[in-house]
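**Student:** Since each chain sits alone in its own frame, please combine them into the complex, following the hints.
Respectively, the protein sequence lines represent chains A and B.
So the first sequence is residues 106 to 500, counted in this note's numbering.
So the second sequence is residues 2 to 393, counted in this note's numbering.
No lab work stands behind these hints: they were computed from the structure.
Please read all numbers here as calculations on a predicted model, not as lab measurements.
Just so you know, even glycine gets a beta-carbon here, dropped at the ideal spot from N, CA and C.
Any given hint could turn out to be false.
[As the list claims (entries may be wrong)] Covered stretches of chain A, going by a simulated chain B footprint (3 or more residues, C-beta under 8 Å):
{"id": "1", "segment": "227-233"}
{"id": "2", "segment": "259-272"}
[Said to hold, decoys possible] Residues of chain A placed beyond 12 Å of chain B at every Cβ, according to the derived structure:
{"id": "3", "residue": "174"}
{"id": "4", "residue": "178"}
{"id": "5", "residue": "181"}
{"id": "6", "residue": "191"}
{"id": "7", "residue": "192"}
{"id": "8", "residue": "193"}
{"id": "9", "residue": "338"}
{"id": "10", "residue": "345"}
{"id": "11", "residue": "352"}
{"id": "12", "residue": "357"}
{"id": "13", "residue": "364"}
{"id": "14", "residue": "379"}
{"id": "15", "residue": "423"}
{"id": "16", "residue": "459"}
{"id": "17", "residue": "478"}
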Amino acid sequence: MQRSDHQRPGFSLVFWRELVWLRRRPLLFMLVFVVPLGLMLLLTAIFSAGLATRLPIAVLDLDGSELSRSIIRAVDATPDTAAVLHVAELSEGRHLIVSRKIRGLLMLPHNLERDVFAGRRPEVVFFYNTQTFTVGNLVLRGANSAIPSVAAGIRISLRTAEGQPVEEAKTAVTPIPLQTHALFNSTLNYVHFLLAALLPAVLQTAVVTTMAYAVGLDVETRHRFAVLRRLGGGLWPAMLGKLLPYTILFLSMLGIADAVLFKYLELPLRGQPALLVFAGIVFVLSCQLIGALLALLLRPTAAAISIATLLTAPAFGFMGIGFPRIAMNDFAYGYGELLPGTWYLMARIDQTIRGTPFDLSLKPVFVLTGFVVVLISLTAIRVRIMRRSIPEQAS
Amino acid sequence: MSTFFAVFRSEISRIFSLRPVFSVMVVAAAIYAVFYPQPYLNEALRKVPIAVVDQDRTQTSRELARLVDATPDVAVAQVLPDMPTAQHEVYSRSIFGILLIPRHFERDLLHGRSSPIALYADASYFLMYQRMNGAVTAVSRTLGTNFEIARLVGLGVDPPVAAAATDPMPFVAVPLFNPQGGYATYVLPAAFVLILQQTLLIGVGLLGTMPGAPTPSGGARRSFGDVAYESIATLAGKLLAYLVIQALIVSIYLIGLPYLYGIPRLGSVAIILAFAVPFTLAVGALGLVVAAIFRKPVAVQLVFAAIGLPFFFLAGFAWPAEAMPMVVQWFARLLPSTLAIDGLVNVAQLGASLSDVRSEFLGLWLLAATYAGIAVIVEFRNRRAVWDPAIS
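Looking at chain B on its own, in the form it has when it is part of the complex (with noise of 0.2 Å):
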């Protein structure tokens, strides 16, 4: 027990002192809790500025733009006379679409003939386009309903029997979470795990290759259990310490941040925190691991600098994992942010139970134990090398 309380009184002493290790595992994630979000604390993307050309130039066209620029996505920056005008509008990204009535617009219209518009949304931006595509296709089948139920009324029909033959059958969508789409809804649950992954897996990485880690001490010869119980109370020593530096980073980032953005939170408190326990075991004894691997604090820190972009889009949220190759969703699963994001995007924002997510939930704790018997057999290796410098 001796070593186990030493290592975990050393390990926390070194998070403070050591400037690099502090800087990374509570400046860095300090910092990014207000950094990180800024781009999406707008929510939502409304207004998207489209141009009108208009060649019908009538009471009904000007009807239209005036729908179109009334819905809250879409906002008719330009009426421009012609395509080319326009076109030259989207490539230097002044507008984002082209809303084009055609002539005789209006007229087709009265007479009860099919009377197309077309719209021509930049598609290199896919919110832009989803915006610009939706609020226009909305606009022009309630535009095209009650025209088509104007004519039936003008043929005798019964007003509720028009409103029947023209929506026999209406389709209803309800998103069950995050009902207003918001952006930062959508992503700033899953990026603030990735963010916890990120610093505490370098900072213990930097922990565990820079000097000042409590050293076996050489002298007698000592047994094989001996030692094996030693690397145990070591490993499980360094993890405690890690937990319990960041049982504040971790509440703050999964309870406290999405609570000050305004990220509704349908899960318990209770259920997350338990949740974290494991996903923080799990990277820890990662990091020891990536830390025998690397061996260099400065080694550490570069290769992991640009690797959570890919770590991101690896977690199968933001982009189906359906969608991956198999080798790629073995891969994933590697990853203590994979089963993480999923499992705690599910309890906070779904509000899954603990058994919901039973199969991440054991698959953190199995991530947990490979890597720490792992870091523990590297640890062993170390301490018999100590006296036996042959064995390394």
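Pulled out of the complex, with its shape left as it was, chain A reads as follows (with noise of 0.2 Å):
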């Protein structure tokens, strides 16, 4: 290091020695670049089909007439489902379902046309499976818009049938027609729905379990505490020149990430992108001070990688994306308002997908900004008792 020989103690001396750090250290090296960059390579390869269509389910057609191959046409047709093998029983169906070859199970009964004209109202069952959630809801949205459609086609030809001209037949079966529409992600995209958030929250665990380590490295022993305090001559410049290149280095990967979602995976970005990179920053500083305070205030550093890996590894299912908070216990609410990432989330979806009004979009950023504030003051008081306790060594 011969940068240090010649430089005055402060800031950038620490900061360049933080530098040298990463570039000599491959764990270091590999903690902020490869584990990061890895684990979003991952999920994004993961997500990247952003929609599961045509999943494949099979059908047990008893009537085999013409309205039962029309039923199957149209649940082929949707765009979630796809009738993939006819069996012959029930039990049958049932078999692949729970070995997962199939996800629903499609039964039109015995003489299901001639029922239906004659005003028998025959069941036509659909069998999921909601263990899967995910597809189980998507297998049944492709059957729950397939079948009601043929129906409301028998509808109108029992209609037209008594001589009601079609326009009048179609107006007649659906007298309170509903448009819905989804808001803020009309094609009900993963990518833009989950893996847009499970990169921050894969960051999360990433940033305050390494800076737990980095920190570690200089408070492990008095001795190299004292040293770095001596390196940025004061306290200021010594936590800012440690803490700084990590900050620039986690948001550069933050950066990636978000660089191929909004070009390659098209997710929109319909607020301020000041608003979204500020939140960026305050975000990972959060982050950042949490795993130095945690070094700080526990040792071995092991313990203090422990505490941060447990905080933090299962905090994505606090942060509401997958099971909203407003349904989530008190603890668990409580739990998910302490986590920089669900304020981070609710920034970043309001800044990406939804193009949150300037004056509605604040509050999750003003309350990642006072987490820094308080972070930072913890942490400068907790240095200050840590350097009561060394004895003063003549420099």
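**Tutor:** Okay, structure coming up:
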């Protein structure tokens, strides 16, 4: 480290020392570059399709009529479901669902066509599996859109057979048509909903644990802690010089992920980019400070890393993306409130897909800024307490 | 045999004496058992708040709003005068949907014209969207059908005939498993398997990288066969130790916790536990491979901290494997969690028999054998290196 021989103590000395460490310590390098990028790439690959389409379902057609064939065609034609095979009995279909070869089973009863036109109201039954939540709901959506539309066709033809004009019959069968508009994510794309939220969630864990380790390197022994302070020429420059290299690097990782999302995966950016970037900065800083504080409070560093993992690894569930926060119990709601990720995801959803007006976008950004202020103060207090416990050495 | 028992005993005692290992394998497992399920314990999302913008202000429009409010999924939290006000509330997240009932809604209905309504539902949270869409669709269909029947009866059609004409082919959707659509019932069985994998993987990774493992004695040159035998005995001793420790933890996670959290179980305990054996062995052996790759306890801790979340989605449970690229599907099969989540959920929640999940069961044994083979080779090289440093 040539620089340290020539430079005066201060911010830049600590800053550059940290960058040299990053180059010389393969583990630190891996944690800052390889792990976040690798995990984010993996998640992106998993969800790259964005939509799960043509999920396989089976048909048990006991009728074999023109009507039953048209129902099968309709179910096959929805984007959600594909009728891939015929089964001969119910137990066979159930067996295929259990082994997940198929995702649903459509049962068309004996004499379906005859009974429909005789007004006997035969039931069309669709079996599906809600244990796999997303997939179960998707195949249900497919069946739920296909079969009522076939039924509506029958109702129209029943009326036209009575001599009613086609247009009039069409109006009559749906007196209250519902137009549903999916606000903010009209195609219900999982990339924009889930992947866009998972990437920062993974980064949150990576940042908190990595910072616990990086700060741990300096505070593991009293001697090293004193060295850091002397190199920085004071508390604030030392802290800033220690944290800032990671802020820049982790923000770059977030930037790379976002560039892929915006450029290749067509995530819309309907809000203010400046607000999104600012939210990203305070998010990364909050995570860093949590990690740093854990390293300052807990010894040995391995314990700080363990606690950091314990607090952040299960955090995604608490941030209310899959299962909304309004339905959580008080503990889970409160814990979510304390996670930087919860607020960052709110700000992120606001500025990307929602395009929330400026005045309504400020709350999550303010909260994150508040986190940073509180955490910096706590860190400073902790460092002062630690300094008092170290006997002043001659410099 | 003496090597086998010595390694077994030493590994058991190290699990209890090394604090980081004990913290991860026992303490963390205990904390996660309580901590992880918290967000999902209410099971269902109910009463998603929406606003009604009623431009009609008639008895029928109020009846529609009341019916929507009466569904378990949606609650009418506000009645607002116009769309801009309602949109403002959506942006501020106090409501998540807007039901717009246009002017002349009642008049058009009574005149037999089509009388559309509109739902603007927040799709930035899919579960909320799904609830709102489902509830309002059902209400509009039911109310519409009632009007249609009333009209037909008014025209002199017999009520049963009118009912058949409005709904000639009822559609019945039957959820075979998790019939309430509970979120905890969906997510926890899979998440528990993943937590087991994470804690055991990190625990064994730490065991393999921390000092204090019984070191092979140096001294006299040994034959190839002796070293190979010792390596295999060492690995077997270690894996048996993990199996013994995990026996209790795995049983609690796969049988006890689902019971405590009220998650229905259809499968037999015996099959679940039989399935857990190759899973535990595969994860334990993978942990030893991980230890050989990363070499430092802190590296194991840090690299695996954030890996749980991607592994969860890789399992093809929350997001269908059919929708993933082939490369990802193949990579996923290298992880014990992928096969174990498929197999264990099928057995426990869907009541599958062992023959239903034969491919997952055999796949886990194959993974266990492969990783154990790699671990034996690593052990063998380490032992040879003791008396012949040139090899390493």
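**Student:** Is the Cβ of residue 352 of chain A farther than 12 Å from every Cβ of chain B?
**Tutor:** holds, 18 Å
**Student:** Test the statement that residue 423 of chain A is away from the interface with chain B: the closest C-beta pair must be farther apart than 12 Å.
**Tutor:** violated, 5 Å
**Student:** Test the statement that residue 192 of chain A is away from the interface with chain B: the closest C-beta pair must be farther apart than 12 Å.
**Tutor:** holds, 14 Å
**Student:** Once the closest CB in chain B is found, is it more than 12 Å from residue 193 of chain A?
**Tutor:** holds, 19 Å
**Student:** Residue count check for the segment 259-272 of chain A against chain B: does it reach three with CB-CB under 8 Å?
**Tutor:** holds (count 4)
**Student:** Far enough from chain B: is every CB of that chain over 12 Å from the CB of residue 191 of chain A?
**Tutor:** For residue 191 of chain A, whose nearest Cβ neighbour in chain B is about 19 Å away, the distance exceeds 12 Å, so it holds.
**Student:** Minimum Cβ separation between residue 478 of chain A and chain B greater than 12 Å?
**Tutor:** holds, 24 Å
**Student:** Is it correct that the beta-carbon of residue 181 of chain A has no partner in chain B closer than or equal to 12 Å?
**Tutor:** holds, 16 Å
**Student:** Regarding the assertion that residue 178 of chain A does not contact chain B, is the least Cβ-Cβ distance greater than 12 Å?
**Tutor:** holds, 15 Å
**Student:** Taking the shortest Cβ-to-Cβ distance between residue 338 of chain A and chain B, state whether it exceeds 12 Å.
**Tutor:** holds, 29 Å
**Student:** Do three or more residues of the segment 227-233 of chain A come closer than 8 Å to chain B, measuring C-beta to C-beta?
**Tutor:** The restraint on the segment 227-233 of chain A holds, since 7 of its residues have a Cβ under 8 Å from chain B and three suffice.
**Student:** Hey, does residue 364 of chain A actually stay past 12 Å from chain B on C-beta?
**Tutor:** holds, 20 Å
Checked against the numbered hints above, the structure violates hints 15 and 16; every other hint is satisfied.
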